[in-house]
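J.: Chains P and A, in that order, give the protein sequences. This note's numbering applies: residue 7 is where the first sequence begins, and numbers increase by one. This note's numbering applies: residue 7 is where the second sequence begins, and numbers increase by one.
Just so you know, these hints were derived from the structure itself, not from any lab. Mixed in with the good hints there might be a few duds.
Repeated chains share a single entry, so a pair holds when one copy, or any two copies, can fit it.
Okay, derived cross-link-like pairs now, DSS-like style, lysine-lysine, Cα gap no bigger than 25 Å in a straight line [stated by the list, open to error]:
{"#": "1", "residue 1": "K274", "residue 2": "K348"}
{"#": "2", "residue 1": "K253", "residue 2": "K274"}
{"#": "3", "residue 1": "K253", "residue 2": "K267"}
{"#": "4", "residue 1": "K267", "residue 2": "K348"}
There are 2 protein chains.
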Amino acid sequence: MSTDDTTERTETESSCGASDTSSASKCGASTDDRPETDTSSCGASSDDTSSSSGSSCGASSSSSSSCGSSKRETTDEQVEATVEDFEGEPGRLLAVGLGPGGPEGMTRRARETLLDAEHIVGYTTYVDLLPDEVTESADELYDTPMCGEVSRTEEAVDRALAGNDVAIIGSGDPNVYALAGLALEILESKGASASMVDFEVVPGVPAAQSCGARLGAPLVNDTVSISLSDHLTPMPTIESRLHATAKEGFTIAIYNPWSRKRRENFEKCCEILLEHRDPETPVGIVHGAGRDDEQVEIVELGELEEYGETDLVDMTTTLLVGNEETYVWDDRMVTPRGYESKYDY
Amino acid sequence: MSTDDTTERTETESSCGASDTSSASKCGASTDDRPETDTSSCGASSDDTSSSSGSSCGASSSSSSSCGSSKRETTDEQVEATVEDFEGEPGRLLAVGLGPGGPEGMTRRARETLLDAEHIVGYTTYVDLLPDEVTESADELYDTPMCGEVSRTEEAVDRALAGNDVAIIGSGDPNVYALAGLALEILESKGASASMVDFEVVPGVPAAQSCGARLGAPLVNDTVSISLSDHLTPMPTIESRLHATAKEGFTIAIYNPWSRKRRENFEKCCEILLEHRDPETPVGIVHGAGRDDEQVEIVELGELEEYGETDLVDMTTTLLVGNEETYVWDDRMVTPRGYESKYDY
């Protein structure tokens, strides 16, 4: 969990491969009409699992192998099959948020949705986190590593259009830097519609809240979430958002604070926050939440930048920056909601 | 669900009563040392249930009957028992988020925590939503209506200090305008500590995300949550936060948009948003999410203020305001994450 499965992570991994345990997929797209695709590249290659059989329904397999590459470099990643390529009745498409990671953080609705799904599509790490009862009940699992969220999402869409009930999964919530929007955009680009596949979002606990829980009560007042990844949002926009919100007393949940390619965004973020907030402002650092290497620390804003040099801050880390009133007590971060201004306790 | 159980709602209800099914509570506070309290007022009165027996452990029952009243008027709501008043080993205190309301929106961890809890404390509406297996397994349920979240939280703290394993519940997440912070503040004010009661937060799906799911994908980029209640935050601060974030392209989740006493905050909010955003900006209105009277509508920002005159916008409503790029497609709100700038699909 911690950060959701977003494109940011894809910047740090340059080799991609998709695994697919499929054997009897309903694939309605009439392949005669589809452009030829390079099935050996990122998104549908089978280089890391023995059970894989390549992309089965969609035609989304021709993305560049460099995830952080520019549009110009990735023009071969195109929507291939359109709604006309599929015959028969479409299935369903559900974007399911797993929450903090393990089965205990999943809602009952998410669990039941996954048990009902014929196909489950997701980032390998999250597919691996699914409980056995879920993976065993699915007809097919299709997972890809960090790269390829566009091709993976298209694969899910195509499988649904081909008549399968498909769940596309991610950690956290499908609305928080995640794939609910991309699924709708790809449906639209194919000339399909959301209603056609009964598109639904099954919400999950976002990283900000599952990390907040580990820290105590850092986020009980007005809060903003900002991703430091400039892969899809220009850095000047991110900087402007940090300035605007640091000035206004929001607590700030920072997603994707760090990657091998984006050290300077984190440094810039620390500088901006220090322009508006006291160096002693508490900052919660949650690394690898729900994973074996989970670490939780509360530090001061003035020393945050130094932590960028440690293993504590990486792409699995979420930062929760306190506001002017946040304090640390008994190893917990507490942001008062304001009750003390009305009540004596 | 929708808005969490926060003090905002308390402003709309002036009569308060607590119900308590307790019969064998461990109450460690030595009452001799405690100041006399008015147990007939908000927080511990038993005017609306036949099974109630008044506040059993804490001494928090003397709050004013007007929830929105000023500090001066509520100085009789004080922390009464301190840690010295309790003998023996403290129990545990867990702040549990129920998520969107019904059992299907609860995480497995929340469900298991509630099944293990000896006492469950919460706002009556949420206690009523608990599945039978949970309410039947608890030794005691203590619920109060809208008023009295301070006294209710103190009751939970006192019960934990008295040796019981206590879950204090709310819809959504305990960190989102909810009681995780208040529980820590009250523990501190009593001279106790979080560690003493193994204080833990069990996160849940917040209203923004469960409402977002109903609307499609309105929140997949940087997002802010702002409460329009000026009960605990001054209105000029709220206005300043709206200006700052509406300017910066955040999607905005608005909690507590409306109450009988706070019509003008909603109107002011609409005005501010229109200063910075196009009147055609989509706004998702989710009323009574997860309740029998649930209604979901997507309207334009320019007409939002008129909806304030309808039943659609009240204290059970959450508003999700799109950013400059948000659009409506097939009855869904879609906020692009930015993939279209990098990929062709």
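J.: Taking the hints in turn, state whether each one holds.
T.: Here is what the structure says about each hint:
1. K274 - K348: Intra 38 Å, inter 24 Å, cutoff 25 Å: inter-copy only.
2. K253 - K274: Both, since 16 Å and 21 Å are each at most 25 Å.
3. K253 - K267: Classified as neither; 28 Å inside a copy, 29 Å across copies.
4. K267 - K348: Close across copies (17 Å), not inside one copy (48 Å); limit 25 Å.
Violated hint: 3 only; the structure is consistent with all others.
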